[in-house]
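Residue numbers (my numbering), protein chains in the order written: chain A, 1 to 584; chain B, 1 to 584; chain C, 1 to 584.
If you are wondering where the hints come from, they were derived from the structure by calculation, not from laboratory data.
Wrong hints could be hidden among the right ones.
Claimed, not checked - Derived PhoX-like pairs (lysine-lysine); straight-line CA-CA distance at most 20 angstroms:
1) A:K118 - B:K299
2) A:K358 - A:K339
3) C:K358 - B:K516
4) C:K516 - A:K299
5) A:K299 - A:K339
6) B:K118 - C:K299
7) A:K516 - B:K516
8) A:K516 - C:K516
9) B:K427 - B:K349
Each chain, written out:
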Amino acid sequence: MFASFRIPNVAVFVLMLSVGSNAVASIWNTVPDETLDALELTRDASTAELYQALSNRYTSNLTEGKYAEWWEPIPMDMYMAPTLYYEPPASLDMEVERGQCVQCHEGLTHGWVKSWEKSAHANLDEIRELSNDDSRAYKKDMIVEVEENLRAQGLLAADENLSEVSCIDCHMGVREDRGNHATALRMPDRAACGQCHVKQFAEAESERDTQKWPQDQWADGHPSHAVDFIANVELATWAAMPQREVAASCTMCHNNQTKCDTCHTRHEFSTVEARKPEACATCHNGVDHNEFEQYMFSKHGTVYQTLGHEWDFDAPLSTAISEGGMTAPTCAFCHFEYKGEFSHNVTRKVRWGFLPFKNIADNIDHEWFAERKDAWARTCQNCHSGRFAETYLAMMDEGIKSGVELVEETRAVVESLYEEELLVGQKTNRPDPAAPIEPGPGAFSSLFMSEGNNPTMVDRVFAEMWEQHIARFMKGLEHVNPGGWTYSHGWSDLIRDKTFINEEATRLRHAADIEKRIETLEGASSATGYNNRLHDVTATSSDYTFRLGAGLGILGGGLLLGGLFSWSRARRGPRSTGSARETY
Amino acid sequence: MFASFRIPNVAVFVLMLSVGSNAVASIWNTVPDETLDALELTRDASTAELYQALSNRYTSNLTEGKYAEWWEPIPMDMYMAPTLYYEPPASLDMEVERGQCVQCHEGLTHGWVKSWEKSAHANLDEIRELSNDDSRAYKKDMIVEVEENLRAQGLLAADENLSEVSCIDCHMGVREDRGNHATALRMPDRAACGQCHVKQFAEAESERDTQKWPQDQWADGHPSHAVDFIANVELATWAAMPQREVAASCTMCHNNQTKCDTCHTRHEFSTVEARKPEACATCHNGVDHNEFEQYMFSKHGTVYQTLGHEWDFDAPLSTAISEGGMTAPTCAFCHFEYKGEFSHNVTRKVRWGFLPFKNIADNIDHEWFAERKDAWARTCQNCHSGRFAETYLAMMDEGIKSGVELVEETRAVVESLYEEELLVGQKTNRPDPAAPIEPGPGAFSSLFMSEGNNPTMVDRVFAEMWEQHIARFMKGLEHVNPGGWTYSHGWSDLIRDKTFINEEATRLRHAADIEKRIETLEGASSATGYNNRLHDVTATSSDYTFRLGAGLGILGGGLLLGGLFSWSRARRGPRSTGSARETY
Amino acid sequence: MFASFRIPNVAVFVLMLSVGSNAVASIWNTVPDETLDALELTRDASTAELYQALSNRYTSNLTEGKYAEWWEPIPMDMYMAPTLYYEPPASLDMEVERGQCVQCHEGLTHGWVKSWEKSAHANLDEIRELSNDDSRAYKKDMIVEVEENLRAQGLLAADENLSEVSCIDCHMGVREDRGNHATALRMPDRAACGQCHVKQFAEAESERDTQKWPQDQWADGHPSHAVDFIANVELATWAAMPQREVAASCTMCHNNQTKCDTCHTRHEFSTVEARKPEACATCHNGVDHNEFEQYMFSKHGTVYQTLGHEWDFDAPLSTAISEGGMTAPTCAFCHFEYKGEFSHNVTRKVRWGFLPFKNIADNIDHEWFAERKDAWARTCQNCHSGRFAETYLAMMDEGIKSGVELVEETRAVVESLYEEELLVGQKTNRPDPAAPIEPGPGAFSSLFMSEGNNPTMVDRVFAEMWEQHIARFMKGLEHVNPGGWTYSHGWSDLIRDKTFINEEATRLRHAADIEKRIETLEGASSATGYNNRLHDVTATSSDYTFRLGAGLGILGGGLLLGGLFSWSRARRGPRSTGSARETY
């Protein structure tokens, strides 16, 4: 599905080939080789070529994914994934000129106009006049860079400067003069922002290319902002949920792939905002990837909170310490940095990823991981000695490995219960999950779906263990929040999970034994003719359910057997024969 | 119980009738018709009439409520509900004059003096001299307004201006010159503040009048700040708790009805404070009404946190965006607003209320709700398009309805277990709750009281589900915090509750079946003469408890049966025959 | 183990005796008599004598403690307890002079240089030139004080002023000129900072002397920052944990005894930072000692958050209200204060301590506690009336006592289950905990270690109850956060714990009864010859486990009996015969 505003880009591309051919510029250092290779470009490609290649790849990869038949978008998706779903307001047949947007919306929706008025977009001349010792002076270069990008694309004459970036540039097309709300209105996606901000677009998109795991721990490019929309829609649990308005909350974070304003909130698009830790908090908090809380409770975070008001957040990350007065790192400082350079590829030092899988733990000394560890040690050395950094990182790795061991020990207990069919209600009241989810113990779907005795509490607790608690434990270690990895959360939570599951194992095996002993007694009793409970006149129909179950040596049951087949399906599509196991 | 300082008000009223009769003022727009109707006033009533009517109604409605016989106030209540309980310090027989308060307390309790020194009360002249382009200039009008109110009440001469608002004005009586600590000291309540701030008093009190639910989902005026004290004391669980110092924590939030400094902390009474989200946080956080956390993690909240230091919080809400530089809404901005006006009635757009009851979900398209939804969409349009606002609100409603469904499904399971008397210990060890609470499954009291097996974990978990988790789920949706409604809390918590309760249902029914089968075997065995366990010489007394229970077909028991009658009663009063069911 | 930098101190001491003997100064008021008595000094001792006595005691008490044989330090401990573990980097054979540190590290680790550049240490002259009405002017006196301390120690000539405090002063020795990284580098501990800051060192160390409980509720000096390292290493659970990198998180907070930069983060050592509540947050948050969250949600905390940006945190605590504009207390304000004086002994008003033990509740009216309560009331009277303060404190005490009662009631249930060996798997699958932990129900170790069915969920939940939830309940009351003590946490959590444990008691006793009844039936059945299950050909080996267990009248079992002896031991040392019960 292509939104109409894609077409101008194609026109631009043709234009570029004719007038832009001598506007050749070298590609910036912060765009990694891996990306140029993937796009089949060399470093002397023009920014117009780079933009077009990026934009084409971006659009073709932004799809509903492999589970598209199981779910349907809701109206709100128009705003969360505009490339796929945005439609201009058909009933608003109103042709407008460039200058009219602000004029009219000042009255209608003044909040967004006021935000824009504060933005760099509305103040290009003010920025051009900044003295060189103003911490925002680097933005002067950015304006020049954008202008060169536009010239390369044939959108700005060689002798012309950009006078403003106004509503119409983003919402109808860069440098457009007029358009009709009903047909021309668009909602900007990454590629729309990237048309001017080619370098930043390329950096962000390069996460697809640099994040390639040596033992296939994750698919190429995963986990990263560059693929976070597709990562979500290809999660079987998300696709299977019938409550689409509930599932929509996932998309509200998984939309870095689709938009840039998840970090640079429209319409101020403030770099100050994006540099502060709270900008990351909406998504990076909570039950598993709680980096925000971990950071805020670390000494790094408390220094930010107590002294950060004196720091100059207008300074770019590269001079934040030397010029901006920053005395503790922020999220952006450490995660945008890679070997001394700062870029929008925030995954170049990723080692443990989102979850500490066993196949990461087992390979953590592999050179791919070791090189990234060295890069981290270098980051720490902005403020700490090399020995300190390496000592901490080594401790962190050992700690995480201990956590992985706990999970694996417990996984074995859960799998054994499942294989022996000992989970509560497993034989009588455990409907298969909705497609495209595959059945299995302790699945991710345990966190979001429940029907009959699927999941049981063993499933649920183990899902929390392998997906949430181990992640928090790791994030605590990674962000140096002591209470976060042992005392208040982390290790202590994992131990609780293990305790619960060990206890359930004992209880469930004991219950199975009791069942057998009673059956044996009943067999003996029946044989003697003193009791034949199957004909007990007091037995109710629900008793029979249990008796049938009991006859099969089961544990639980009791809810209607009909429930086995009653799990609601997602709104669209038939049940697939495909497999989507999200157990671990 | 009337505090002594009520009497001057009566005197004032008489005075007003004589000298204030021509001080008629039109009642401000922000006081809704519903309130004037309820007070039997017309819009050309004087502010003195309005004040007196409000004050009379206020005082007569501030009582200990229908459960008064079951509980007794504690000394701390003197400060939390001064209208009811404050007594001047009898031993402090010290006559003082207006000027002496600050002089003496500067030494004794300098903190409160320093706070007051920063307040508008201590700086009337400074405010009068503000230039008109100062964002606080609107306070000049407020001083004039207050002066007119006092003139209407005969407390300020026509040619006189207010020179200060000092300790004695609030703590002994407006414009008093002297008084004795032991007899004249008072602790200001809403009506005391309202004597000068009539408009704000009327706005706040109007919540009683505008919050009338079309299908009686809540009692008139509920839930709102204007009735939050009575709402608390008429909660059976609160009234029943014997630990009054623990129950006092409820009153520490449920005191907006009794005082104004819950938001405008004494003695600075800062509007800047009250306009910031943290001012709401003391009460609006936690296990259910966690609006604060939801907001702070939303993009609205993160923009406030990253850029809010540049906003001018001295600007009134009405110009916060246009003049104050606010680029994201605060609590006060959205909740004080109604159709473009801002007032202290913060419930005029309430639709789902405190909890998403089924009878709200079933009626959410009724015009009463639709009109309020439109009012919300208008609020959002300060910054968002109408289409965006409506799309979001529609998604929110659908999401909340899905949550309500989960609760109702689970409620049916809990009720069925209770009706079949299958809950752990239900037949042997489930004492009735303390009066005035009525027995029932999953009651609110499960969160605060426990004796024997009342509540069981099924009760407790269901109480958490219908009272806490569904509320958090809803608040997450309402405040646009994605992790708050699905991932970290909300839906995932509800699913956990359902999983637990479904599992318990299976276990409890299975246990009942096991019991029956053993009984049958015992009957058979006994019949053969090989075993008559009732006479087993090894049986202990606690065995007998179980055997007796078993004979009745029960599940649990085991704690002393005497416990059935041992639940502590609240400190005052006999057990009522009245009913106070707080199950749902 | 003495680090090499201790030796110069001894040299200094000798020096002091010769040249410093007439540099006698009176010991400051803020150093309590108890400390002088303990050090066998009089109030006219010189600061050099005081420093030497403090330093000697400090070093001799900083040990690995009584469980040292069970655990081994990890490399990271070098930074967390440098007195014990720091070794200079042997491979870095580089002799440097005073001026070279900054020069070289500006390039290598510029972050720490930039921090130091902001510190008072780097700006002595700027401080000396402050006008007397600058809120930092008190620092001028501090410089003079430090200079006198150094003169008393023979480290500064009588006519000389301190020109700077640079890297080498702290990391090689005060006033040293040169040194080799490989041999002379040190990591400063409390005593190193204390060499210049003798008064602050003495105040902080005085916690050992003033915190002596009247009924031996805690050991002398406990709980306090001055002994927090030893308190940790003498915790059996900590010593027993085989995962030393996980246990390290404890040390990351329990290092106030070892260093000063836990509050005054290196290398800015900002007093502004240390005065703000967030400085305490890294350690004082979370599952039990969550003072930070309690404060932030209290009105005290919300006033700080909404208005604190206008307060002058450069003002010392003693003038924070009168001069600094502070209108709500911070952590430091209340906890550093004692009878109107402010010092680094933050435990002089401690009454309930870290946990509200029964033997505190039972003695809370004893004069030792009453005197401290009076001291608290005086603190509150900075801003509140005496009556208000006393009323609140009395309510708080009553509330805490109610919580203690709940814990004690529940403890009796847990102990009874344990004594009757009814806990799940207690007879078959409950390995002893690793040494030096002693076996017992509901132990602290339940929070961090799990093997087989030790702990059970009853143990775990009770450990959470007595160690975490009661603490949070108390902290909520103490910090006036209403949701914190009843509604969102606190009381409601305690009730949940009690509910769970009461329910388990019923279930476990019922299960024991079922077991007996089946055994009886089996005995009867076997006697008749119709069934002899011990020879049932379908029985598996795990069945036998249960049967054996069943024959012994047990409940659980099922995991390998071998597991009983497989609990991992800590890395070092044999199992002690000593006792380390951390049950309660």
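Numbers of unmet hints, in rising order:
Hint check: 2, 3, 4, 5 and 9 fail, others pass.
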